[in-house]
Each structure stands twice: as structure tokens, then as C-alpha cells.
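A.B. asks: Letter by letter, the chains look like this.
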Amino acid sequence: MEQIPLEHILLLSAVLFSIGVLAVISKRHAVVVLMGIELIFNAANLNLVAFSRHDPTLLQGQMFSLFVILVAAAEAAVALAIVLRVYQYFKTANLNQIVTPEK
Amino acid sequence: MLFYLFAILAILSAAYVVLTRNLLYAGFSLLITLLSIAGIYVLLFADFVAVTQLMVYVGGVLVLILFGIMLSSRVHNKSVLSESVNKVWGTLVAGLILVGLSYAILKANVASLPWLQPSEVDVLGNQKSTVQSIGIKLMTDFVVPFELASLLLLIALMGAAYVATEKQNA
Chain A
0 MEQIPLEHIL LLSAVLFSIG VLAVISKRHA VVVLMGIELI FNAANLNLVA
50 FSRHDPTLLQ GQMFSLFVIL VAAAEAAVAL AIVLRVYQYF KTANLNQIVT
100 PEK
Chain V
0 MLFYLFAILA ILSAAYVVLT RNLLYAGFSL LITLLSIAGI YVLLFADFVA
50 VTQLMVYVGG VLVLILFGIM LSSRVHNKSV LSESVNKVWG TLVAGLILVG
100 LSYAILKANV ASLPWLQPSE VDVLGNQKST VQSIGIKLMT DFVVPFELAS
150 LLLLIALMGA AYVATEKQNA
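Heads up: the sequence lines are chains A and V, in that order. Just so it is clear: in the first sequence, position 81 is 80 by numbering that gives the first Met the number 0, and no numbers are missing. Just so it is clear: in the second sequence, position 137 is 136 by numbering that gives the first Met the number 0, and no numbers are missing.
For the record, the hints were derived by calculation from the structure and aren't laboratory data. Remember, it's a predicted structure, so these values are computed and weren't measured experimentally. Warning: the hint list may mix true and false statements.
Unchecked claim - In silico DMTMM-like pairs for lysine to aspartate or glutamate, Cα to Cα no more than 20 Å straight-line: (1) V/Lys136 <-> V/Asp46; (2) V/Lys136 <-> A/Asp54; (3) V/Lys106 <-> A/Glu6; (4) A/Lys90 <-> V/Glu165; (5) V/Lys136 <-> V/Glu146; (6) A/Lys90 <-> V/Glu82.
Bound-form chain A, shown alone (with noise of 0.2 Å):
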């Protein structure tokens, strides 16, 4: 099997990136923002799996997107919890509505 040419991977977590970063600023419901940071993680993964294959001793790369994928677990639990109490709270998600009543 011939190799993956290492460009092309960069440039897939490069576009990857971008679209997440245009989803967390041009979407106001908090769910789709989440989905945005979920795909610039997967960016980040992608690159440190590409590289772990260069890795003589191996695994590195690897090692480390699985503790990427498992903060990104607690990230969006911890989150979406959030989302739910501000949900209950303001009865809406949506980012531009969201805000502190004056005391």
C-alpha cells in the first residue's frame, strides 16, 4: 500500500480547522458552536495521528490524540450540561439572547 502523501492529510486538517472555526463564529445556537469546537479537536487529532506514523519509537501522536479524544468527552458533557441549565434558565440557546438580567 503506498503511502498518504503527508501534504494532503495537513491540508485536510487545515480546511477541517477552518470549517470549525466558521461554525463557532457564524452560528449562534450553542449546540452547533459545540459542533464546531468538536471538529477543530478532530483537526488537531488528525494531525497528531499523521505525524505519530513518521514516529520511529511509534505512538507518540497516538498517545496523545487519545488523551485529546478523552478531554474532548468531559469538554462536551461538561458542556452540554451547561447548555441544557442556561436552556432551562433562558428558555433559549441561542447565544445573541443570552443575557444577565439587571440587578
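Could you slot chain V onto chain A? The hints should help.
C.D. replies: For chain V alone, kept in the frame of chain A given last:
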């Protein structure tokens, strides 16, 4: 070639996450993105990472996101669409990031870096899967991060459960 199929699938479905206004469609096209990234991991000799991606992302995070969509997408019994704001500035910033990154990647000429050369052929050697060496590394070199990760997961679990519960007298 399989990699380009997965790459095109990942890019198209990731773009659909941004383009669609229906939240549920966005969630399901994120599913396709995550699946094709898992396929790319397999092609990059990272079988354990691919399976972890399937189990944690597709089986866990995506189900959480779908729950989040279903529990938070109704306002006064109207289903909410995720409208786009800042379209011009968002596209501009994302496009600038993409152009900058692509320029850097193409300029860096990574394939000719000296430290990438030695293990160019036969990456896995005589072992057929990375599971065994990942297990050994987790118990030797990476044992402190491994234990810290278990602590972090416990904290995240308790914190998420505490934050999400209804408080009667709060």
C-alpha cells in the same frame, strides 16, 4: 484511492454542518464527518485511535449532542433553526486561516524533512496492530497522564450531573 474518498466525504459533510439551518441535519452530517475521520485513522495505521474515535465520538459525544439538540431546540413549541450571523466576517476569517495554513503547509515542504524519512517504509514492522504497544505505553510511560485522565473523567461526570440536575430551591 480510499483516503481521498474519506477526505472528500469529511469535507463535504463538515461543510454541510455549517451550511444547513436544521440542527438535526447538522448533527447527522457531523456523524458522517466523524466516521470518515475514523476511516482515515485506519489508513494511517492507527487502529486503536480509530476504534476509540468510533466509541467515544460517534457513540458518546454525538449522542450527547443529539440529546442536547432535542432538549434545547424548542422555543414556545416552535422548532428553532440555527440562523447564521456574521457570514461575511466569519467566511473572511475562516478563509484567511485556511489560506495561511495551506501556504505554510505547502511552503514547509514537510515530506522532505530529515526526521520524517527513516521510518518511511514498513511502519508497523512485524506487529500487526498498535493495541499491545499502546497498552504497554499506558502502563509505563504514560501512567501519570492515564491516572490524571481517570480523575478528570470522574470530575467531569460529577460536574455534569450536578450542573444538569434540576435544583428545587435554587
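A.B. asks: Quick one, are lysine 136 of chain V and aspartate 54 of chain A close enough, alpha carbons at most 20 Å?
C.D. replies: Distance of about 14 Å is within 20 Å: holds.
A.B. asks: Is lysine 136 of chain V close enough to glutamate 146 of chain V, meaning Cα to Cα at most 20 Å?
C.D. replies: holds, 13 Å
A.B. asks: Below or equal to 20 Å on CA atoms is what counts here, so check lysine 136 of chain V against aspartate 46 of chain V.
C.D. replies: The given pair, whose Cα atoms are some 16 Å apart, holds under the 20 Å limit.
A.B. asks: For a C-alpha distance cap of 20 Å, please report whether lysine 90 of chain A and glutamate 165 of chain V respect it.
C.D. replies: Holds. Lysine 90 of chain A to glutamate 165 of chain V sits at ~14 Å (cutoff 20 Å).
A.B. asks: Given the hinted pair lysine 90 of chain A and glutamate 82 of chain V, is their alpha-carbon gap at most 20 Å?
C.D. replies: This hinted pair holds, its Cα atoms lying about 17 Å apart.
A.B. asks: For the pair we were handed, lysine 106 of chain V and glutamate 6 of chain A, check the Cα-Cα distance against 20 Å.
C.D. replies: Holds, at roughly 10 Å.
In the structure shown, no violation is registered for any of the earlier numbered hints.
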